[in-house]
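Enquirer: These protein sequences, in sequence, are chains A and B. Quick note on numbering: the first sequence equals residues 1 to 365 in the UniProt record's numbering. Quick note on numbering: the second sequence equals residues 1 to 291 in the UniProt record's numbering.
Think of the hints as simulated: they come from the structure by calculation, not from any bench. Among these hints, one or two may not hold up.
Said to hold, decoys possible - Here chain B is said to cover these stretches of chain A; the calculated rule only asks that three of the stretch's residues, wherever they fall, bring their Cβ under 8 Å from a Cβ of chain B:
1) 16 to 29
2) 258 to 266
Unchecked claim - What follows is a set of in silico ranges between Cβ atoms, one per label pair, in the way DEER data are often shown:
3) A/S142 to B/A87: 53 to 61 Å
4) A/P95 to B/A101: 32 to 40 Å
5) B/P79 to A/N28: 50 to 58 Å
Keep in mind the model is a prediction, meaning the values are calculated, not measured. C-beta atoms are modelled at their ideal positions from N, C-alpha and C, and glycine is treated no differently.
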Amino acid sequence: MSITDGPGAAIRLDAVRKQFGDTVALHNIDITAAPGSLIVLLGPSGCGKSTLLRVLAGLEAASSGSVHFAGRDVTALPPAARGVSMVFQSYALFPHLDVAENILFGLRARKVPRAERDARLTRTAAMLGLASLLERRPAQLSGGQQQRVALARAIVAEAPVCLMDEPLSNLDAKLRAEMRAEIRALQQRLGLTMVYVTHDQVEAMSMADQVVLMREGRVEQDATPAELYARPATAFAAGFIGTPPMSLLRLQAAPGGAAIAGAPEHPVAPAEAAGAMLGLRPEDVAPTDGPGLPAIVSGAEFLGAETVLRCAVGTAGETLQARIPGNHALPAGTAVRLRLPPLAHLFSSATGQRLPLPSHAPTFA
Amino acid sequence: MRGRATLHAWLMLGPAMLLLVAFTHYPVVATLWHSLFSTPRGARPARFVGVENYAALADDPVFWQALSNNLLYALGTVPLSIGLALAMALWVNGRIAGRAALRVAYFTPTVLPMIAVANLWLFFYTPDYGLVDRITGFLFGWGPTNWIGSQETALGAMMAIAVWKEAGFFMIFYLAALQAIPPVLYEAASVEGASRFTVFRRVTLPLLGPTTLFIAVNALINGFRLVDHIIVMTHGGPDNATALLLTYIYEVGFRFWDTAQASALTMVLLLILALVALAQFTLLGRRTHYR
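So here's chain A without its partners, still in its complex pose (with noise of 0.2 Å):
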């Protein structure tokens, strides 16, 4: 027990360092999580964030470093002394049990007494529009239904940490949508502090206090969403926010400053920014009729409220998205003029960190 912890912090991982025999699934990782916050572990499949979910549920022992909660270390505790519950991907619903024994699996093994046992799974089968259903097996459920009896089993722990495994990945896109409304919405009035792990952008950003981007075992980013939308670290973080991401582009020097790969004719950053790469964001780009980066659409994908427009840039195979509300599928071949917004993200070619902007960016394109 450290003082250093102080009240903050629900969740602090020190160093946190995961082998499977000679391969490293996660380097070091610190993370420090707020009592309340929901914190989504967001990455690539294989990046290491279910590792890292198994770790803090005590699945999976730490090959170093230490996990705190609430100050308690619990490195070295088996999964049920914890004080987390969990949520699996597939739901780990015992198939022989009924939904109410399903939800009370857990306190019956506790010995929690039986009269707050049923009182509490009356309260949670009620929170989670369960209560018609309590004598159904789980093969008898929908899907949707299936991920509601694990999220009552999770909740009625009433465990201050709850940890959850890509829950909604086996959802339809319209149910995905509702569930992840719902479950913000119980995290903040149980006041739970939640660990969500996906792979899906959009959940993260829509659902999270703070977003730890992950690739490759390391922490890409550890920001709150609208740090990360706005400032991403590093190149990976720009290409993985966003829908559509923000698209990257070479920069060289070209007279009168840096200028697109293969279009030096139209400088677009002042000249210490070649050699970097660019990022915008493709909502900011938008054909004009005035003068612009000439380009010429390659592809359009219609979304209804709006359309992306897929454009190459210059000779050199460079190519930008551009967002633009109301439906503008141009066939390609089309020539567009694109209209650029001010200097914002600069990534390193090298390693891939944001660069800070020139101190003086005067307006291009």
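Got chain A; can you put chain B on it based on the hints?
Expert: Chain B in isolation, oriented as in the chain A frame:
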């Protein structure tokens, strides 16, 4: 057109039906028929006697002893072999060194022919220098025991062989069932704070339910069927102490040549097995609706 379809149907049914009729249905009916007639001897042909053979069975003390021996044999071997099979399966399903070798070792008795097994165990049970006497002498200081030669121990000795022979076979089914249980259920149970015993009682055992039922029915049928070692080792002796229904049928039919009486005995055995099968179907129908 209709006649053609019927012909096709009979052609499809033909092969299976031929075999079933020749080797199952006809023998049953013939046995029932023979059990209602006297045994033909020399110049005296068989004549219809009605239930006389069954009445004679009821008056036959050896039949009653064989029946009670058989019930005891079944009640002893079924739970023991199932319990042992489950214990072995749990053991070799765990993370232990030499797991594959252990599995093979446990399964070996199943692949040995019962006649060879019987001869093996004849040596084990040999008074004084047999393996069993050596061990009991070393551990408890017991003197030589004629395990298969005395009335008190003979049936128990036969049951031990049956359990040894069957447990490995049933273990394979349990092992398959254990491996079919998703590991994530155990993880969920451990997060929920369930102890190992609770996990076994509330997760493992119920999920093994259908397998247990299947094994129990097979074990029960084997309890009436698996008698090769008794024929080889004791012939039902001493003084009918190890006589079971099937050995008694063999004795009456092929040593006393009282085929009518043997037919009646066979009908009794068939009736018992039919009841077991009936119980199987009703129970299976009720218990396996999940998954």
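Enquirer: Run every hint past the structure and note whether it holds.
Expert: Hint check:
| no. | hint | verdict |
| --- | --- | --- |
| 1 | 16 to 29 | violated (count 0) |
| 2 | 258 to 266 | violated (count 0) |
| 3 | A/S142 to B/A87: 53 to 61 Å | violated (39 Å) |
| 4 | A/P95 to B/A101: 32 to 40 Å | holds (33 Å) |
| 5 | B/P79 to A/N28: 50 to 58 Å | holds (55 Å) |
Checked against the numbered hints above, the structure violates hints 1, 2, 3; every other hint is satisfied.
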